[in-house]
Every structure is written in C-alpha cells, then in structure tokens.
Amino acid sequence: MLALHALAALDQADLRVMQEHLATCAECRAELDGWRDTAGALAYVAEPFEPSPQVRDRILESVRAESSHARVPANVIHLKPTSPRRLSLFPRFAAIAALLIFVTLIVGLVILWQQNRTARTELARLSAQNEEVRSASERDQKLLELLSSPGTRIAQLAGTKDAPAAHAILAYDPKSGRAILMTDGLPPAPAGKAYQLWFIVGGLPLPGVVFATDAGGKALSANQVPAEALQTAVFAVTQETASGARTPTGPILLRSMS
Amino acid sequence: MNLLHAIALRDEQALASLYDRYRLILFGLLIRILNSREEAEDVLQEVFLQVWRRAADFDERRGRAFTWLITLARSRAIDRLRQLGSRERLALSAIDFVGDEASSPVRDALRSEQRQIVAGALAELSEEQRRALTLAYFEGLTQTEIAARLSSPLGTVKTRMRSGMIKLRELLSQRLESRAF
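Heads up: the protein sequence lines correspond to chains A and B, in order.
Heads up: the first sequence runs through residues 1 to 258, numbered per my numbering.
Heads up: the second sequence runs through residues 259 to 439, numbered per my numbering.
The hints are simulated quantities; they were obtained by calculation from the structure and are not laboratory data.
Please read all numbers here as calculations on a predicted model, not as lab measurements.
Treat the hints with care, as some may be off.
Chain B residues, not near chain A, derived (Cβ > 12 Å throughout) [said to hold, decoys possible]: (1) N260; (2) H263; (3) D278; (4) A314; (5) S384; (6) E385; (7) S409; (8) P411.
Covered, in the sense of this in silico footprint (three residues per stretch, anywhere, with C-beta under 8 Å from a C-beta of chain B), are these stretches of chain A [what the hints assert, rightly or not]: (9) 145-156; (10) 166-174.
Here a beta-carbon is modelled for each residue, glycine too, at the ideal position from N, C-alpha and C.
The shape of chain A in the complex, shown without the other chains:
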C-alpha cells in the first residue's frame, strides 16, 4: 500500500484510510519516505529538457516579490507615463530601458522593454504604419485611443519556425478587452486561406478575428479579447481557411513571448 501511495496511485477511499493511518504511525511514515526514494528514481526515465531562460528570471522575481510584498508581472509590458517610482520597480530593466514616443499619439507614453533593440525599432516601424492608418476613419480613431490610453497592455508575439520573420503586437485594454493586432513579416496567405488570432485560456484556444496581410506583409485588425483571456494573456496566430475556424487546424505562425 505504501509503495502505491508513494506513486500517488491510491483511489480516494484507500487514500483517506492511508492518510489517517500515516498521521499516527511514524514507522509507516519512515517506510513511505523510502518508497518515495524509489518512486523518485523513475524521474530519471524522462528525457532532460531545457526550460526557456525567462523561467529562471521569473522565479527569482516572484521570490523577491514574495519577500518584499510587491508584485511585478513580467509577461506583459505596461504602457504608462513614466515616473521615477515606477522605474524603481523595474531595476532589472533599467539597463535596457528606453523611451519610445509614438509620433502620432499623445505625448507622455513610455515603454520599458525587457527585450532587445529590434523590438523597439519594430514598434517604431509599426507605429509609423499606424500613422498611415490614422488618416482614415473613425474606427481608426478608436484604435488610436486604445494605443494612447494609459493602462493599455502590450503583448508581443514572435514568429515560430514556420514563420521566422513574423512579429506581432497585440495592444489591448485590460478592462474592456478591446484590442488591436498589428502583424508584420507574415507571408501572404495562399488562395482561400487567411490568418487567425487565438486567445489561449487554460490550454484551450478561443477564436479571434480572421485577417489577411497586405502586399507588404503587414496587417492591422481590431479584436476583442474575451474576458477569460485577459488574465492569462496568451496569444497565437495560425493559418486557417479564409472563413476562419472554431479550433485551430493550421500551423502556428506566431505565439506570445512570455
């Protein structure tokens, strides 16, 4: 029984009995420890894997946050007006921090990047693209409002092996879920196909808008982030048929960097 308990393989009823017994039997607890050693050896059967380098940073940050009771989210980039106090919450990023001001938008936007310089020039390029969009319509005005609003979150998406040159930014209002997706570097979709944004919640993909790229490989589309996806903030873009899909069927071309 103890050996099976070490494998966490007992059924509910047996488990309860076991737990009650262990509470009072030191000898069995000691034996269980021995079985756990044996069970633990099975971990060696799994092929070793390297986690993304960011995981280490995130662990250390969350541990520091525990110690100092200050939560620092690391997987979204907040657009907020700068202040010395806010900068002090990102001591790590101070070395690579840069001010980037959208030419077309209200002054006072500041972005702190934890990524490298390419991301900044990308955004400058995309914001210049935004300048062209602005001269169009009311819808575009709304998009600009979103970009200029403090509190807007920006998620970056990076190209996968199937689309290494692709890059995208999803800017969204965490309250209303209104969002715009700006993509770049996606190859034009074959006839009858288009691209689709997905919001991943608990591993389950929720469909977003279907869009096509222009001749220059860029796309700008308005989206609505579903309420349940606002917290988890994981996004992906796949290629689907032009009418879109309810679950992803095509290759993943972009996914959130986190």
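For this one, chain A is given, so just place chain B on it according to the hints.
Chain B only, in chain A's frame:
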C-alpha cells in the same frame, strides 16, 4: 543538503543554484507528464516558489533532498494534469509543441550513471510491472484507472505495482553505490 538549508534562510542565490543544478531533470519530468512546454514552465515556476516557501520543511533525516524536490515537482505536475482534464489536454497538444531537448553535450552528461542504472533496473521488470508503474508515475493514474486502461483486474494491477516497486527498489540499492542523486 546545504542548498535547501540556505534557501530556508532566505538565500535567493541558493534557490538560483538549486534551479541551475536540477532544472533539466525537473523540467524533463514536467514535460513528460504535461506534454506542453507552456504548462511545464508554469509548473516549474510554481515548484520553485513552493521550494522557496517550504524549504524549512525539508528534514534530511527523512530522506534525500532530490527525492523531496522531485516528489514536489511530480505532485504539482499531476495536480495540474488533473486540473486540465482530458479535453483541454487534447487541445494543449494541438496548439502547443515541445521544442528542443537538452543539447547534446548536456544530454550526454545526463545519460549519467544514475540514469542508466534506473533505465537498466526498469528493463528488468516485467512488461506489466513497468507499464503499471509508468502509467502511475507519468500519467498520474490511480490504481483503478490503470486497471481500466490495461483491462486488468484491480487486484492484479495492485500486485504488479507492488512487486514492481519492490523489485525496483532491490535493483536500485544493489546497483547504486552512493546515494548521491
């Protein structure tokens, strides 16, 4: 283990060192159980946060630090797996993909003696014993679920798992001179 003691005393560097030392094995285990890089990274983070919070609980008289760590990691992974449920698990494998394994030199280093010993020991178990143990360990199935999966009576499965563990323990203690995992 000094690292866990240091962590209990709030030494962040010690936590970082623990991470550096065990991340490949831990993450490998999580990937094997969860089949998703994203979920595995989430759980890996959770595990180390738990280590930070509970390092003081580790009692070296009760067992090895590695066992403590790996047991914690596996529990969190199985919890997450059960939370996800089968429908989401399928969706997970559709949307996510597991990237690169540990690089070759690292992998070679990790085809360590311990690893070969464990693999060798497992190979000496009967097919049924091995299947039952791996279903329990890597898929978090209970004895009843394993019996259903293998279409075997519950009693048979329990016996196989018990005898498999006994044999595994014997083989491992024979072959492992030092208990330095």
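- Hint by hint, which ones does the structure fall short of? Hints 3, 9 and 10 contradicted; others consistent.
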